[in-house]
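S.K.: From first to last, the protein sequence lines are chains A and B. My numbering applies: residue 1 is where the first sequence begins, and numbers increase by one. My numbering applies: residue 1 is where the second sequence begins, and numbers increase by one.
Be aware that one or more of the hints could be misleading.
[As the list claims (entries may be wrong)] No farther apart than 35 Å at their CA atoms in a straight line, the calculated lysine-lysine pairs in the DSBU-like style are these: (1) K419/A / K323/A; (2) K39/A / K42/B; (3) K129/A / K42/B; (4) K42/B / K41/A; (5) K59/B / K38/A.
[As the list claims (entries may be wrong)] Computed spacing ranges between beta-carbons, pair by pair: (6) D42/A / A145/B: 28 to 36 Å; (7) K109/B / E19/A: 39 to 47 Å; (8) E127/B / N292/A: 53 to 61 Å; (9) K94/B / G21/A: 48 to 56 Å; (10) K59/B / D410/A: 46 to 54 Å; (11) L41/B / D209/A: 45 to 53 Å.
Derived by calculation from the structure, the hints in this document are not laboratory data. For each residue, glycine too, the CB sits at the ideal point set by N, CA and C.
One-letter residues, chain by chain:
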Amino acid sequence: MTYCYLKYSKDKIKLALDEVGSLEQCEFPYSHSEIALKKIKDFLESLVCRLDDLDPQLNTKDIIQKECKLALKALASYIPILGFILRSTNVRNAFEIFIPLLNISRKLLEPDIDVNQSTVKLILSSEWKYSPHMFVFHQTQFQQPQILDGFILIGLPSYESSNPLLIPLTGHELGHAIWKIKKLENDFRVIISKAVEKHIKIHWDDFPDEIKKIPNTAKKTDRESKTENLFVLPTKERATSFALKQTEETFCDFIGLNIYGTAYLQSFAYLFAPKLPGRRSLKYPNEVKRTNNLVKAAGQYGFEVPVDYQSNFEDRKDPELFKIDQLSITIADTVFDQMVQIAIDKAETILSETEVQRPDDKAIQEIYERFKSAVPFQNCNSISEILNAAWKAYEEPDFWSQEPLRENKDKILKELTLKNIEILGINQILQGPVS
Amino acid sequence: MTNSHKISKTMATMNNIPSFFNNDLEAISGYAATEIDNFILKRPGKFYAVPRLISMINKSITSCGHSTPDRFNLNTTTALAMYRALEDYDPNLKSTLYTTEQLINESGKFTENLETLIQHPLQVKTEDLARLRSLCISLSESASACEDPLEDIESEFV
Chain A
1 MTYCYLKYSK
11 DKIKLALDEV
21 GSLEQCEFPY
31 SHSEIALKKI
41 KDFLESLVCR
51 LDDLDPQLNT
61 KDIIQKECKL
71 ALKALASYIP
81 ILGFILRSTN
91 VRNAFEIFIP
101 LLNISRKLLE
111 PDIDVNQSTV
121 KLILSSEWKY
131 SPHMFVFHQT
141 QFQQPQILDG
151 FILIGLPSYE
161 SSNPLLIPLT
171 GHELGHAIWK
181 IKKLENDFRV
191 IISKAVEKHI
201 KIHWDDFPDE
211 IKKIPNTAKK
221 TDRESKTENL
231 FVLPTKERAT
241 SFALKQTEET
251 FCDFIGLNIY
261 GTAYLQSFAY
271 LFAPKLPGRR
281 SLKYPNEVKR
291 TNNLVKAAGQ
301 YGFEVPVDYQ
311 SNFEDRKDPE
321 LFKIDQLSIT
331 IADTVFDQMV
341 QIAIDKAETI
351 LSETEVQRPD
361 DKAIQEIYER
371 FKSAVPFQNC
381 NSISEILNAA
391 WKAYEEPDFW
401 SQEPLRENKD
411 KILKELTLKN
421 IEILGINQIL
431 QGPVS
Chain B
1 MTNSHKISKT
11 MATMNNIPSF
21 FNNDLEAISG
31 YAATEIDNFI
41 LKRPGKFYAV
51 PRLISMINKS
61 ITSCGHSTPD
71 RFNLNTTTAL
81 AMYRALEDYD
91 PNLKSTLYTT
101 EQLINESGKF
111 TENLETLIQH
121 PLQVKTEDLA
131 RLRSLCISLS
141 ESASACEDPL
151 EDIESEFV
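With the hints as constraints, model all of the structure from the sequences given.
M.R.: Shown next, in the form of structure tokens:
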């Protein structure tokens with residue numbers, strides 16, 4: 001028996017391996033990209049070996065099909081990452097922020113290990129996308145192959161590469177890594193499942209009859225059951241998954257807020273206000289609710305909220321859904337609301353157990369004063385304080401009165417901020433070698 | 001059966017499975033099917049994915065007792081994948097499977113059969129092996145159907 005897709009699958013992976021070989025010739029500013037490349041190469045080679053092991057004369061067709069599907073799934077998952085690694089070499093990247101971001105990542109993700117001994121690795125890239133993003137290897141329900149465990153891949157918009165004011169949004173992306181490492185999904189799944197069951201009972205009359213009706217042949221207790229009914233399982237699954245996803249995204253907002261304080265709120269507004277195009281993504285709370293949750297968390301964490309902050313945001317329209325899907329989303333949204341306070345507390349507790357310090361108002365003011373003189377502050381301790389000072393200056397229309405500073409304020413301020421971050425990075429390198 | 005097909009219990013450990021597939025139900029069940037197929041073909045090999053699959057199903061479904069507080073540990077996504085897999089594998093189940101309790105029981109039977117394969121591989125009949133292989137394939141397919149489309153694997157900030 002000949003299966004064309006077996007040959008095609010092997011050929012595609014071999015071509016990808018050739019491409020990895022070319023990428024290995026790139027000049028990498030940091031070793032982490034090279035290490036990731038080596039891991040991907042080993043992984044792809046193991047996929048080829050698996051396919052080579054198949055015997056079309058002996059193995060059944062469905063086995064050969066399945067092996068090819070899994071190989072292609074893995075390949076398709078990692079092709080974008082090869083591009084990401086390539087772009088990590090681009091001079092467009094703000095290399096100044098690498099060490100300070102790595103430092104924060106390591107303190108957050110391996111709080112019990114010395115920063116210089118940590119195994120956490122960072123790949124920073126400039127991406128042609130509107131918003132920052134990261135690759136999360138636990139994005140799908142059943143996960144993608146985990147070959148880059150311990151790696152944080154953060155892509156910043158290339159058109160904003162000279163703008164450090166967006167950096168606080170990387171705090172959100174680090175939140176995804178914490179969510180995964182701390183296995184927070186398991187904790188929240190139990191709480192959310194309970195709440196979803198409760199709401200299914202509340203909304204029971206809204207369910208279509210064909211879902212509610214268990215055949216008469218079933219036991220009486222089963223027929224009377226609501227949440228144990230398997231016909232309800234898809235609705236339960238959908239509601240639970242969306243509530244979990246919204247909780248994760250909100251938790252990540254709270255991590256970003258905890259790390260960067262008011263600067264997170266400001267960069268968030270810079271990117272999102274008044275609203276993004278298109279309908280609402282059901283994996284996120286709508287903009288107004290998301291912003292309200294941020295403001296609520298800022299109150300608990302003690303961060304100043306910019307004046308009229310919430311009024312800058314507008315909701316996107318919900319998508320048109322069938323009634324049963326709408327019911328899932330209604331339950332997910334209601335259950336998610338009950339998770340917000342838990343997520344606020346969880347983010348606060350997790351940050352308090354690390355060496356990541358919240359931005360200090362006095363330190364921010366010191367940096368701000370130095371910026372007034374258009375010089376960086378040499379002794380700053382955190383990237384967060386630099387960025388809060390930068391945002392403070394950015395929001396101040398008359399920050400500089402003298403020319404040429406006044407006329408070129410934004411450009412000079414951003415360069416000054418990057419320079420200050422570079423000095424912070426040098427100070428951190430002087431405290432110990434970065435592996 | 002030749003000696004080469006005896007499965008060593010100590011070797012049949014989940015630690016040996018490539019770590020990058022540890023939590024991927026589609027891959028684990030798919031690779032479990034391949035291992036069973038190779039066993040049927042008397043090709044030398046060890047069970048790595050099968051014990052991992054047992055562990056995943058037990059953790060996500062069968063250990064979540066019906067109508068006890070444990071039921072909230074039920075992973076609804078894994079449960080839905082198993083429900084669809086059982087329906088595809090045995091159309092007769094479609095008309096008789098309608099409660100979580102039944103799903104947990106059916107999943108339990110599946111993992112027990114897989115466990116027997118690991119513990120006493122030579123006792124499992126060839127037709128039962130073929131059924132286990134088919135159910136593993138069905139589970140892998142239904143797990144795939146529960147996943148986000150490939151286009152969405154990048155986590156956008158928005």
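S.K.: Are the hints correct? Go through all of them and say.
M.R.: Evaluated hints:
1. K419/A / K323/A: The given pair, whose Cα atoms are some 55 Å apart, is violated under the 35 Å limit.
2. K39/A / K42/B: Cα-Cα ~32 Å, so holds.
3. K129/A / K42/B: Since the Cα atoms of K129/A and K42/B sit roughly 51 Å apart, the hinted pair is violated (cutoff 35 Å).
4. K42/B / K41/A: Measuring from Cα to Cα gives roughly 31 Å; hence the hint holds.
5. K59/B / K38/A: holds (33 Å)
6. D42/A / A145/B: 28 to 36 Å: Given range 28 to 36 Å: holds, Cβ gap about 30 Å.
7. K109/B / E19/A: 39 to 47 Å: Holds, at about 46 Å.
8. E127/B / N292/A: 53 to 61 Å: Because 60 Å falls inside the window, the suggested range holds.
9. K94/B / G21/A: 48 to 56 Å: holds (50 Å)
10. K59/B / D410/A: 46 to 54 Å: holds (53 Å)
11. L41/B / D209/A: 45 to 53 Å: holds (49 Å)
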